[in-house]
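*Asks:* So you can see what is in the structure, the chains are spelled out below.
Number of protein chains: 2
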Amino acid sequence: MDSFYIKDASKYVGKEVTVKGWLYNKRSSGKVNFLLIRDGTGIIQSVAVRSEIPDEEFKLFDKITQESSIIVSGVIGEDSRAPGGYELSLKHIEIVQISEPYPISPKEHGVSFLMNKRHLWLRSKKQHAILRIRAEVINAVRDFFNNEGFILVDTPILTPCACEGTTTLFETEYFGEKAYLTQTGQLYNEATCMAFGKVYCFGPTFRAEKSKTRRHITEFWQVEPEIAYAELKDIMDYAEKVIVYIVERVLEKRKDDLITIERNIKPLENIKSPFPKITYSEAVKLINEKGSYFEWGDDFGAPQETLISDSFDKPIHISHFPTKVKPFYMKRAPEDEKLALGVDVLAPEGYGEIVGGGQREENLEILEKRLKEDNLPRKAFEWYLDLRRYGSVPHAGFGLGIERVTTWICGIHHIRESIAFPRLLDSIYP
Amino acid sequence: MDSFYIKDASKYVGKEVTVKGWLYNKRSSGKVNFLLIRDGTGIIQSVAVRSEIPDEEFKLFDKITQESSIIVSGVIGEDSRAPGGYELSLKHIEIVQISEPYPISPKEHGVSFLMNKRHLWLRSKKQHAILRIRAEVINAVRDFFNNEGFILVDTPILTPCACEGTTTLFETEYFGEKAYLTQTGQLYNEATCMAFGKVYCFGPTFRAEKSKTRRHITEFWQVEPEIAYAELKDIMDYAEKVIVYIVERVLEKRKDDLITIERNIKPLENIKSPFPKITYSEAVKLINEKGSYFEWGDDFGAPQETLISDSFDKPIHISHFPTKVKPFYMKRAPEDEKLALGVDVLAPEGYGEIVGGGQREENLEILEKRLKEDNLPRKAFEWYLDLRRYGSVPHAGFGLGIERVTTWICGIHHIRESIAFPRLLDSIYP
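Chains as they are written, first to last, in numbering that gives the first Met the number 0: chain L, 0 to 429; chain P, 0 to 429.
It is worth saying that the hints were derived from the structure and are not from the lab.
Note that the structure is predicted; figures quoted are calculated from it, not measured.
Don't take each hint at face value.
Put simply, identical chains are the same to the list, so a pair is met inside one copy or across any two.
[To be verified] Distance condition first, Cα-Cα at most 25 Å in a straight line; then the derived BS3-like pairs of lysine-lysine: (1) K116 to K177; (2) K177 to K209; (3) K378 to K368; (4) K265 to K125; (5) K313 to K252; (6) K368 to K6.
Produce the complete structure using the sequences and hints provided.
*Replies:* In structure tokens, the structure reads:
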């Protein structure tokens, strides 16, 4: 189990190691063969000089095709000209399997071809780097909330209640009853935060939305913190802190990957507190000043979000939305019933909403009235109403979308590359 | 944001703090009132002496019902007689909400009543402690795999393929096609480990099994590592190491919670490497020696698992199962085609299987033949077969069930208490 991995090359200079990997690329100059070998943790250039390797093994080079699995041994040396800075002087080579002609060549392929070969495309440098950044985003999120004293409490995926209408829900049969795939853990978080004070859930959520845009996938991961005895301003603080923390962490641990995908790092280095804070009404004014007509009371779409975020070089908080664009459980502003105590955070560089949240209505009578007004099934919400009967307190929370954040940090065009196996309107394969 | 939480009481001795929480219990001796207050991080005894608190606030005590939300301030003192070792000398008390009569009293309730009030039951000491232990199990699992150089790569929940028959699958409609909720991320892990070397996925998985036992829930969380260039023995090592790591971590960080739930800690302190390793055939012999008739070739059920695990005081590896009880993708033993290179790990104390895994078949022709024999839809597996066409390597992995492990570590009777909102055959509420 004490295997050598390429990422650790610097610790093995002058030593003989065995690399178990795949051929990424090769070239030859007659007496010297160069193999670029990847092992999942990195790529190393391996050099075979005819005189230093058994003849029958040297001859194997011609046979080794792209992505063939091979085990090689040799001595690690520093070489500033080699990609990654280290080089392997080959002594032995063993073929595990000669790959069939690999469908993904260095030439350009269309995205639908590549998505259909997603199980292989993941081996390519850029996709590999994006998913390592994604993993770091997730680790950062968990470390942040754990360090801040939040407890992870998983909320259910299968839920009995179509809380906000069934049109964007995936439905399944649950032993004779209808059940739905969750869109958010929020309602359950409201129960667990009354038990644990500060909680978060982290898991996949689902939206059967017929949107075919570069910002939508049907299965997406969210972290959702919820805090008892908290108000809107508290969760705005936490949202800002976690975003700063994530970006710092990726810059610290995954700079190489950001360079691999040619991300301009300057805008990320600028992500520091404080973020600008504007209200919905101020945002509407801004949009109109920029020459785009937008009426107070409507919900922002991608074009409006881009107009707003283009005016700032940091993520921006927008709060105090019209109540009618926000769900029934959102608390209204004490000074103006028409405004909901919700907040969205938009990423800079036109990446749209990465956080949505707000303060929840804690009053039983108001919630009962709203359920009625919105024609929601009272019975399914009895447990939720219990939270307002037994020790109700002000509380607030938000959801942060992992794919949205990863897409922004990576600076990539389409959200589909921010998850290993994206589920899109027209694709559930592989 | 700089709120005081009860868990930090030791750092505030002699200082005045404000506790925002709920009434857990109260008692009075006329001039002195005792309030047990919980805030989600702990419980603290608060003492109100009539002479030290404004009269109108002292009078509030009679009104405060169980689970009423209250904000109190006072000075923290050490007191070895107080539960937790610290006490709050009250100066002020403010009522946020007087709770309606709380349905869960200290008297005994039936489990179906409590499960129906799960959103409130979570506030009880024992449930609270179990879920904190669960959160620690999950943190331990992630830290272990991250420290060992694994990359987290999330696998999809919605899958197009009913890999092992549809009888235990939840089905949904995916924009006109059929889709299923995943039972395992394994097949996708096999793709990602060829891209990243060592990977793990961590998420909810689903089994629509009509089993109503104390070991079954329909929605359960699994961590599933998968390693390229690995064999059965390698993943047996990792399974053992992660189990030891989890138990050590819970003992280190959550001993208080284990004490709260009255877990006997001795058997947990014994969970050290090496674990015993036996083959399926040896296990069959053991079962028969113990006087229970069991035929070679059948799969173990709960009674057999208990018989086996009762013979050992540590988790035990069982390997080399009959091929016919294991799925098509499991590699067969080179020395005996009738045996599959799979391993189960059984928890001690009769808690059954906590790990299942094995080495995967890496040969294209053999897999093609098995798909045919098992009547599986070849087309849905094309991408999976690609992994054997392009640089196939020996690889292996396993799944570890979070609820099974939590149930065992907590020493509780039924798996339903190891997750916040369990999904059971007869219950999907709340």
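*Asks:* If a hint holds in the structure, say so; if it does not, say that too.
*Replies:* Status of each hint after checking the structure:
Proximity of K116 and K177 under a CA criterion of 25 Å is satisfied inter-copy only: 21 Å between copies versus 35 Å inside one chain copy. Taking the shortest Cα distances, K177 and K209 sit within 25 Å of each other both inside one copy (21 Å) and across copies (16 Å). In this assembly of identical chains, K378 and K368 lie within 25 Å of each other by CA distance solely inside one copy; the values are 14 Å within and 52 Å between copies. Proximity of K265 to K125 under the C-alpha cut-off of 25 Å is restricted to the intra-copy arrangement: shortest distance 20 Å within a copy versus 50 Å between copies.
In this assembly of identical chains, the alpha carbons of K313 and K252 lie at most 25 Å apart only when taken from the same copy (21 Å versus 38 Å across copies). Taking identical chains as interchangeable, the C-alpha atoms of K368 and K6 are never at most 25 Å apart, the minima being 59 Å within one chain and 38 Å between chains.
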